[in-house]
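Asks: Chain by chain, the residues run as shown.
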Amino acid sequence: MEKIEGKVCSIPVGPYHPALEEIAFYKVYVEGEKIVDALIKPGFNHRGIEKLAMQRSYRRNVQLFERVCGICSDAHTTAYCVAVENCLRIDVPKRAQYIRVIEHEANRIHSHLLWFGVAMHAIGFDTLFMHSWATREAIMDVVETLTGNRVNYSVNTIGGVRRDITPELAKYIEEKLKIVEKGTLYLIKAVKEDKTIKARTSEVGVLTKEEARKYCVVGPTARASGIEEDIRKDDPYINFEDFDFEVCVEDTCDVYGRIMVRLRETLESIKIIRQALKNMPEGKLIADLPYPFPSEDIGRAEAPRGELIYYVKSNYTNIPERIKLRTPTFVNLPATKPMLLGNKLADAPQIIISIDPCLTCNDRLVVVDLRSGRERTVLLQDFIRRRVRL
Amino acid sequence: MYIIPLLIALAEILVYPGLIFSVVFGGIIVWMYRKVRARLQGRRGPPWYQTYADVFKLLIKETIIPWRAWKVGFIAAPTISLAALFSAILLLPFFGKESALSFLGDAIVLLYLLTLPTFAIIFGGMSSGSPYGIVGSGREASLLVWYELPLWLSAATVFALANSISVSGIVEEQALHGPFAIRLPLAFIAFLIAAQAKLAKRPFDIPHAETEIVAGPYTEYSGSLRALFELSEVFKWLAVSALAATLFLGWPVIGNIIADALIFIGKIVLFALIFAFIDVINPRLRIEQAGWPLWKIAAALALIDAIRVCAGLVF
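Note that the protein sequences, when read in sequence, are chains A and B.
My numbering applies: residue 1 is where the first sequence begins, and numbers increase by one.
My numbering applies: residue 1 is where the second sequence begins, and numbers increase by one.
No lab work stands behind these hints, which were simulated from the structure alone.
Possibly wrong hints are sitting among the right ones.
[Said to hold, decoys possible] In silico BS3-like pairs for lysine-lysine, Cα to Cα no more than 27 angstroms straight-line:
id	chain 1	residue 1	chain 2	residue 2
1	A	178	A	41
2	A	51	A	209
3	A	34	A	271
4	A	27	A	284
5	A	34	B	296
6	A	324	A	51
7	A	324	A	344
8	A	284	A	271
9	B	296	A	195
10	A	198	B	267
11	A	195	A	27
12	B	296	A	192
13	A	41	A	51
14	A	344	B	267
15	B	35	B	296
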């Protein structure tokens, strides 16, 4: 027991907790089982990725940014490549863009099915967790055959992709997609029909539309609160304007809505992959690359967790002068506080999981001066200066 | 000559249905539960000796008692739990009609002995000094309030219909007139729901929900003390399944002791499989949601059958 004030008792959830695969520290204040306050403390996994990126060439950075997050690795490389291509005015061949779309959506399917399994585990439904991960294996097979890897695909590169899709491979993907579609439809049916899942998830972790706007949440978390936003539709990148798909919005604003949004999006992603395979244009896989020149631009991508932004500033060298990334969890994480308040302790894990937190992407260094109580983010210059002084 | 009854008593306590048998058979039941669960989830599941391996490994590990814990309570809790369940097993009719120990009113003592482990768990969690343990104990206590009513109500219905409060009397009545599972179907369903909560399996595994409060009351337990709790979990599976078989499926009794014992073991396996199956197809309920199936459904069903028995409407 950390601290007891009257009837309020604080329960630590994380940074090492069986329900959270991500390392964040939540200090949850409870009165009996009811949550009255919550303190969110990320910052257990600072890796200095941005600093590393500013010491490597553009092409080697692709491999680095893949390792920002193990689950949405493709979204990171896509956003980074789009940012560099915007910055250096590179025209990517259409065939390469279509292959990127296929990998991007396969990545989304695998991420959403993985998340669904974890969410079911949080409410104790291990059977559906196992079934969801078994379905996910089919899409992992697709990814593995397509790229040779299961986690870090290494297929995107500046100006195009490194691997082609042959007609036989296309047929194989079609076959596997059928399995994934069948499995996902089964999961949707299970979620819709099971009364206990509904009892555990609906009206839990409510984030109203107004609050969602206030906290600027992105991705499926926003779409489950009735905000229709999707970077693929709003600001099409890698030729998403060619594809016909629906932005899945739910207005229940609770965990149930977040589950349904992600499962329906999985079906939409299957639709997109099928269209891409059908309408795949002929052409080159990689564009001719120019010499770098001073410029700056951003690249945005709809990662499985929401909007992902990369900022790139170039100079005459083949090493970027500045790279900044903003991950979706960074904006979604503060929104877990209004979601948690007033709920039961039993619901805390599934509420935290419902935004699909990915803290390894998120963590930045924040220094708290205990004497004055001020917080400040350490800037690059300070970092270098301190290092020199040390 | 006192030596022969003494040897028989020792054999009953140590071999069948006592220590050796209940540990081996209970381990197999827990393995069956895990295997059924794994197969229905598309996994392979553990090998048959997994339970014994788990307990053995825990026994040779270091036992850590947290400095915040109240030592006496912390050590006493698993011991009380195991002792109560072990005594309960000696009261169950493992010889068909007869149990190792029997006296008038042993059915009521049996139900009391099966309630005692829950109190031991609450006690252990409370004295462990961990917030997870305290929240888990609170949940265990509220769950106890929810499930004891339907459990005792359905058991009392059985006592009333059998016109007996001894285990052998209940079994004898069923051997003569057919099992109570058919004569009292509503009380039977109520008992199954309450027994699921007593075993703390899904949807009622709220006290040690691993994603919420780590392991609940067990969080701070390690080494041999944890092994005692694991063993009492094994005994609990055995005792609760055997209780269901005694109260509601006491038929048929052939008369041959070995055949009767085998039939009884078969029935225990049947009930263990039913509990395992309910566990697989359900997610976990929230604590205040658990009251709904336990009081509004199970208690109501048991009450209907109790009224039927009192009005003499059972045939």
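Asks: With reference to the structure, classify each hint as holding or not holding.
Replies: Evaluation of the provided hints:
1. A:178 to A:41: 42 angstroms, violated
2. A:51 to A:209: This hinted pair is violated, its Cα atoms lying about 37 angstroms apart.
3. A:34 to A:271: 42 angstroms, violated
4. A:27 to A:284: 53 angstroms, violated
5. A:34 to B:296: Holds: residue 34 of chain A and residue 296 of chain B sit about 24 angstroms apart, inside 27 angstroms.
6. A:324 to A:51: 9 angstroms, holds
7. A:324 to A:344: 38 angstroms, violated
8. A:284 to A:271: Holds - the C-alpha atoms of residue 271 of chain A and residue 284 of chain A are around 25 angstroms apart, at most 27 angstroms.
9. B:296 to A:195: 16 angstroms, holds
10. A:198 to B:267: 35 angstroms, violated
11. A:195 to A:27: Distance ~31 angstroms between residue 195 of chain A and residue 27 of chain A Cα, so the pair is violated.
12. B:296 to A:192: 24 angstroms, holds
13. A:41 to A:51: 23 angstroms, holds
14. A:344 to B:267: 39 angstroms, violated
15. B:35 to B:296: 32 angstroms, violated
Comparing the model with each earlier hint shows violations of hints 1, 2, 3, 4, 7, 10, 11, 14, 15; every other hint is respected.
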